[in-house]
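*Asks:* Let's have the full structure, built from the sequences with the hints guiding it.
2 protein chains.
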Amino acid sequence: MPNEIGLSDAAAKKLNVSPNDTLYVSHLEPIESLSHVRAKIYNKKLNYKAYNNIITDIVEGDYSNIHLSAFITACAGDRMDIDEISDLTKAMIASGKQLNWNKDIVVDKHCIGGLPGNRTTPLVVAIVAAYGLTMPKTSSRAITSPAGTADTMEVLTNVTLSSEEIKTVVEKEGGCFVWGGTAQLSPADDVLIKIEKALDIDSEGQLIASVLSKKAAAGSTHVVIDIPVGETAKVRSTEMAEKLKNHMETVGTSVDLNVKVVVTDGTQPVGRGIGPTLEAIDILKVLKNEEDAPKDLTERALLLATELLELSGKVEKGKGLETAREILKSGQAYKKFLAICNAQGRFSKPVLAPYKTEIRAENSGVLKRIDNRKIAKLAKLSGAPQSKSAGILLNVHLNEKIEIDQLLYTIYAESKGELNYALEYKNNHNDIITII
Amino acid sequence: MPNEIGLSDAAAKKLNVSPNDTLYVSHLEPIESLSHVRAKIYNKKLNYKAYNNIITDIVEGDYSNIHLSAFITACAGDRMDIDEISDLTKAMIASGKQLNWNKDIVVDKHCIGGLPGNRTTPLVVAIVAAYGLTMPKTSSRAITSPAGTADTMEVLTNVTLSSEEIKTVVEKEGGCFVWGGTAQLSPADDVLIKIEKALDIDSEGQLIASVLSKKAAAGSTHVVIDIPVGETAKVRSTEMAEKLKNHMETVGTSVDLNVKVVVTDGTQPVGRGIGPTLEAIDILKVLKNEEDAPKDLTERALLLATELLELSGKVEKGKGLETAREILKSGQAYKKFLAICNAQGRFSKPVLAPYKTEIRAENSGVLKRIDNRKIAKLAKLSGAPQSKSAGILLNVHLNEKIEIDQLLYTIYAESKGELNYALEYKNNHNDIITII
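Chains as they are written, first to last, in this note's numbering: chain A, 10 to 445; chain B, 10 to 445.
Each statement offered as a hint is correct.
No distinction is drawn between identical chains; accordingly, a pair holds when it is met within one copy or between any pair of copies.
Dumping the calculated DSBU-like pairs for lysine-lysine here, alpha-carbon to alpha-carbon at most 30 Å: (1) 53 / 254; (2) 54 / 383; (3) 243 / 54; (4) 203 / 252; (5) 203 / 54.
Everything labelled a hint here was simulated from the structure, so no lab data went into it.
*Replies:* Structure (structure tokens):
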């Protein structure tokens, strides 16, 4: 009808209008910051103001997927210099909330993903909080991997806490392991990450800005970043890792963060479990110093705790490792872990999935290669992380001598259909584990 | 319900399934060609096979807007070399239908847009078809401009013809002016252009591939391309135009097209009318050799007709202009124009819009600048091209001496609301026409 307009319920609510209201309709204002995106597409260098305009409009929801994808692509492939990465990071910090813990030193860690099972975070929190440092750890859920730290910790405790609840836990215990999704830190990052996942790219500049903006907004002062390097890890060469290390440490300084980057071995999964429940089981074994605790996970967690203790300046250089190991061996880390879980509302024991299939070696030889991406895909097809107890329990490591029919790994699933999805993928890919 | 699946009517139709059919559901196959897009994002050079895979998947509808935007952005900003532009052009030609006119010489023209009112195409078709050349011209409708050639010609005749109807018209009259939207030539281009418009960018490589793939697929052998240069035209500098000219002629050769690029003045609109009906009026005045026919439009059309006559080899170099002028002056071009219109089903006289406002000079001085983009925007706000008779009738040209209160232009609209939209924009922008 002339002079009538129809609106969806969602639009009517957002505009706060009722039937019979008079509406004034005008042409959409152009999004001014898109001129900066176009400049970046044409290889121009942008300044802080330009990045700030872009990020502000992104957080306002003014960019379509087409605009977001163009911005990410224009910034990828080494098209941002170090000043631009700093400016983008600052703009992303400014776009959201910023936390303040009223502490001189607030530590944090981050791992540049890609390594299944590498669930060091809960262990590092337990060790450094037991030492007396403040580590208010917020973690993500899995986006494309079989488990994020938040997914794994949710097996053991509550991870969806309000800002007030997080504050109470951290004041009481010095640390937490919670889901960061409600915190509104660097909200532009949440928007951009979805597009990067759809494109399956990680541009260096966006990656650095993403990680460091979240850390700075969370009120951290000292951050250790773990970069596993391996041909099927996210970072595939030592050169790339060293470049990323330099850039991250430089950008960190520009936003008042003490950043230490540790380049680690990313050639195979860490620990045995891949999937929330299976990883939670590994974590408890390490904390309880059980005989069959995965050694690689223990040592990786101790290394990162060492770096954090020393970076904080509270533990003398060279003394970090023995300090961390003593906290773990003495049971103080386990005690702290349980205390934090209880402060977060519960401690629950992990329970394995009802369906499983054992995958055994079809030939003997030496285990030459584990494809991180394919084993992660296998864990996802089995149902992880939505099915918490689904995933892979890995029984072997690189360079091990393997006998024919030896157990390589067990696939766990919560339904037969998911077990079949995983098996179908396994049968179509004979290079998940290579024995020669 | 377990073991049940719901589908929209559209999905059920596409999959050709009925209620109670048994469906097998599997994970989506990855889009393999996205690995080439990622390689391009990371500055790699792609070959024909890679472009062909990408374009094939785009035509299949497998790319989301996120993927399309990333592909366009990764190719923009001088990131394709001349080999890549050739390969992309070939891939786009191969992706759709290709027409064959059974003639040794088939001519065409194209203007790299951005200049309001520059409606030379119908005049060039009439002149060269009257000479005896074959010019089966398909044109586009406006995407972001106040009129495309198809919009303007639709005022005067039918432009939506079937392939068979087009063939009949061209066999009879040697030329046509029809809408190219139904022809399925270079279908990837139609998809990519929408994303480029959303981003408001024209990457050089995509532009060349877009124009030349359409011409080659349409069966052309000799093509003249008009590049107007001006600070508010699409191409803003002579250097850019010369580079584009070289690349277009080189890529043309690689796809067996004789391409001649003409760099023209793009500092102001051509003709008086901006909008379908107003442009149609200009065209008829030129064809009928009326005293108040716009001289600039006449000369621009003669220049392009000259280039086409000479490029075809049918008219000796240096004799093209007098040949073209004679065809126009003698009335042969008008006769051919009417014959083509009648072959397309009708010839209708243009009728002006009912609402209008005259815009007069607020100061005296010399007309120093006409902003092509802003005057186009004004014409669009007045309703063009959806309202065929809406638009701008421009009364002045660059460097003219202007008296105070002299008529600068008239805004025509089909409704008061649209007239007000245009006036509001005019009142908020005092740099549409600059008199100093």
